[in-house]
Every structure is written in C-alpha cells, then in structure tokens.
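Numbering (my numbering), first residue to last: 114 to 174.
Below, computed lysine to any residue pairings styled on SDA-like, alpha-carbon distance capped at 25 angstroms:
no., residue 1, residue 2
1, K138, D123
2, K138, F120
3, K138, A156
4, K145, E131
5, K116, F165
6, K138, P150
7, K144, I161
8, K138, V154
9, K144, L157
10, K142, L157
11, K145, V155
Computed spacing ranges between beta-carbons, pair by pair:
no., residue 1, residue 2, range
12, I161, Q124, 15 to 23 angstroms
13, F120, I161, 14 to 22 angstroms
14, T147, N126, 26 to 34 angstroms
15, Y133, T166, 16 to 24 angstroms
16, T166, Q124, 18 to 26 angstroms
17, I146, N122, 34 to 42 angstroms
18, G127, A162, 18 to 26 angstroms
19, V160, I128, 18 to 26 angstroms
20, A156, D123, 30 to 38 angstroms
21, F165, K138, 17 to 25 angstroms
I should point out that these hints are in silico values taken from the structure, not numbers from a laboratory. Even for Gly, the Cβ is constructed at its ideal location relative to N, Cα and C.
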Amino acid sequence: MNKPYSFSNDQMNGIVEETYSNIIKECEKLKKITNCPNEQVVALLSVIASSFTTLNLKNEK
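All chains should be modelled from the sequences, with the hints used to inform the complete structure.
Okay, here's the thing in structure tokens:
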C-alpha cells in the first residue's frame, strides 16, 4: 500500500505551480490550433491521467 504523499510548500510554490501553468498553456494552445472543444481536452487529460494510474498499479504488484 502506498504511503500518502504531499508536495512541500516549496514544491507547491515552485515546480508544481510551474507544471500546472505549463499544462494549462499547452491545453489552451491545443484548443487554439485545433479548434477542439474543452471536452476533447478533458478526454486527452483523462488518458494521460489513466496512464499514470496504470503505472502506479503495476508498481504496487
């Protein structure tokens, strides 16, 4: 079983905030270039999230 994890305050105000900002910018860029709706971006982010979930499940075995 995985131990709970939390980012430190320094991480939250640094790399985590930067990563979040970059993801938002890239999603907006994707929407602008492709004219796709928000739902398509959500679907893409869900696929990305599920790939990390799969990795976590494999690592737990």
